[in-house]
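Novice: Chains as they are written, first to last, in our numbering: chain A, 2 to 206; chain B, 329 to 606.
I should point out that these hints are in silico values taken from the structure, not numbers from a laboratory. Predicted model only: the values in this text are computed from it and were never measured. Cβ atoms here follow ideal geometry from the backbone N, Cα and C, with glycine treated the same way. Among the hints, erroneous ones may be present.
What the hints assert, rightly or not - Computed list of chain A residues with no C-beta within reach of chain B, every gap over 12 Å:
1) His27
2) Gly43
3) Asn145
Said to hold, decoys possible - Here are the simulated SDA-like pairs of lysine to any residue, each with C-alpha atoms no more than 20 Å apart in a straight line:
4) B:Lys388 to A:Glu117
5) A:Lys17 to B:Glu348
6) B:Lys344 to A:Ser153
7) B:Lys449 to B:Ile482
8) A:Lys17 to B:Gly391
9) B:Lys388 to A:Asp39
10) A:Lys78 to B:Thr535
11) B:Lys476 to B:Lys545
12) A:Lys132 to B:Ile429
13) A:Lys54 to A:Gln66
14) B:Lys388 to A:Asp15
15) A:Lys78 to B:Ala433
16) B:Lys344 to B:Lys529
17) A:Lys78 to B:Gly386
18) B:Lys427 to A:Ser12
19) A:Lys78 to B:Gly391
20) A:Lys17 to B:Lys529
21) A:Lys78 to B:Lys427
22) A:Lys40 to B:Lys344
23) A:Lys46 to A:Ser115
24) A:Lys17 to B:Ala434
25) B:Lys388 to A:Leu77
26) A:Lys174 to A:Glu105
27) A:Lys132 to B:Met346
28) B:Lys427 to A:Asp15
29) B:Lys388 to A:Glu80
30) A:Lys17 to B:Gly435
What the hints assert, rightly or not - If you want the footprint, here are the derived chain A segments under chain B, 3+ residues with CB under 8 Å:
31) 3-17
32) 45-54
33) 147-154
Residue strings, one per chain:
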Amino acid sequence: MISKVFSAALSGVDAKIVTVETDIAHGLHCFNIVGLPDKSVGESKDRINAALKNSGFQYPKSTNQKITVNLAPASLKKEGSSYDLPIAVGYLIASGQIKADVSEALFAGELALSGEIRPVRGTLAIAETAKNRGFKTIIIPADNLAEAKLISGIAIIPIKNLIECVEYLTLNKLPECLDSRLLNTKHRVFRSRESKHRGIRLCVY
Amino acid sequence: MLAQSFVSILPRLSEKEMIETAKIHSIAGELESSAAATLTRPFRAPHHSASHIALIGGGKEAGPGEITLAHNGVLFLDEFPEFQRNVIEALRQPMESGKVIVSRAAGSFNYPARFILVATKNPCPCGWYRSDQRECVCAMTQIINYQKKISGPIADRIDIHIEAQKVDYERLASPDEEARSMAIRKRVERARASQEKRFQKEKSAHTNARMSPRQIKAYCPLDKESQQTLKNAVESLKLSARAYHKIIKIARTIADLEESENIGFNHIAEAIQYQPRG
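Make a model of the complete structure from these sequences and hints.
Specialist: This is how it looks when you write it as structure tokens:
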């Protein structure tokens, strides 16, 4: 099965949309990331394996599958650890472990081995590009919330770990840190029925 | 100390400026998550051993340099002549255009770099040349070599040159400096507001400093007396075309700070005072 998840690459002071395609085929275990990844992107394989395992999911090394991840456009050099989260989500969808519509969401985040999400660079530029390119939601590390919320008109979902991300995608359950942190800072949580992700969504105005 | 307190009299960041600044710092990985919403104008003070790559930008990933991190804020270069010559000269284009294009194998990136440069220097290596307090012990060749480190084109691009005077003990010890900064900031914000009003139809300029020669002609009419003073100054001080425009822009700003509609003779005369002395 194949899945398509969106992320972004930093280029100067702006961000460019990157499509993370994940394909899972039968065969001997093999986990490849293509699309000009640098060392830090290549290393994400090991982080993803451990993070998925420690979050209670089936992980690439546990099955005999040939997994290919393509970061498109393949001509753009990719660096940094912010592709951990989109690749992990792509794997979960491609392997049929979760069902979610992620066509209007953009992901960025570094995984810790425990499944926690670590902050990444350039979240503000990523949020701005996502908004300009018509994305409805961005899912980012909770630690990057303060900078991302400078951009208005896009729903921002700050997550602390992989489980929170999956719960949001499948059950529309909002991450814990949202209510407490954001309600204090005059941002509103409201219900939206129009969008594809039904349920409660956070919009930052 | 003076340079550091400079930030406190600058107008607050507009929303657009705040996002621009936060974006740059976020990409450089220097934005503290809690600081994002309460961002003040950046104040960057690199040490004089900084390389031109550290200042302009570059490296393997063609990342932003100090001038880009100082965008919408202040770049403070203490002991300006002690910087390497190529570092000082590399500032020429960014000072003029407010941006810098960094080209490396990783790609070519256009970084914004509209900063206020504040630089300090001593009059000579020992620091007492032309002082009435103490005698200078430097040889004339030392003094000339020291002053030559700041090239003509760079000095020409610096709008205001001021010789700092010794501060009296009474003022050093006075406690109300912060209150004064607030009062000055109010004046600065008023002057900025009148500039915004002036340039509301223009796309390229929002402040006096960014006026093009055409806009200077349109927005800064000079009376006969001012024109004559300016003409004399240009001829006797052998000023460049850039310096000529600079003086009018500074005079316009002085007039704005005094909330005066037109540029007067006294404004032009004061602006001429801020040109470098040979």
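Novice: Please go over all the hints and tell whether each is borne out by the structure.
Specialist: Each hint tested on the structure:
no.	hint	verdict
1	His27	holds, 38 Å
2	Gly43	holds, 16 Å
3	Asn145	violated, 6 Å
4	B:Lys388 to A:Glu117	violated, 30 Å
5	A:Lys17 to B:Glu348	holds, 17 Å
6	B:Lys344 to A:Ser153	holds, 12 Å
7	B:Lys449 to B:Ile482	holds, 14 Å
8	A:Lys17 to B:Gly391	holds, 16 Å
9	B:Lys388 to A:Asp39	holds, 12 Å
10	A:Lys78 to B:Thr535	violated, 38 Å
11	B:Lys476 to B:Lys545	violated, 34 Å
12	A:Lys132 to B:Ile429	violated, 26 Å
13	A:Lys54 to A:Gln66	holds, 16 Å
14	B:Lys388 to A:Asp15	holds, 18 Å
15	A:Lys78 to B:Ala433	holds, 11 Å
16	B:Lys344 to B:Lys529	holds, 18 Å
17	A:Lys78 to B:Gly386	holds, 16 Å
18	B:Lys427 to A:Ser12	holds, 16 Å
19	A:Lys78 to B:Gly391	holds, 14 Å
20	A:Lys17 to B:Lys529	violated, 32 Å
21	A:Lys78 to B:Lys427	violated, 24 Å
22	A:Lys40 to B:Lys344	violated, 35 Å
23	A:Lys46 to A:Ser115	holds, 14 Å
24	A:Lys17 to B:Ala434	holds, 15 Å
25	B:Lys388 to A:Leu77	holds, 15 Å
26	A:Lys174 to A:Glu105	holds, 17 Å
27	A:Lys132 to B:Met346	holds, 17 Å
28	B:Lys427 to A:Asp15	holds, 15 Å
29	B:Lys388 to A:Glu80	holds, 12 Å
30	A:Lys17 to B:Gly435	holds, 14 Å
31	3-17	holds (count 4)
32	45-54	violated (count 0)
33	147-154	holds (count 5)
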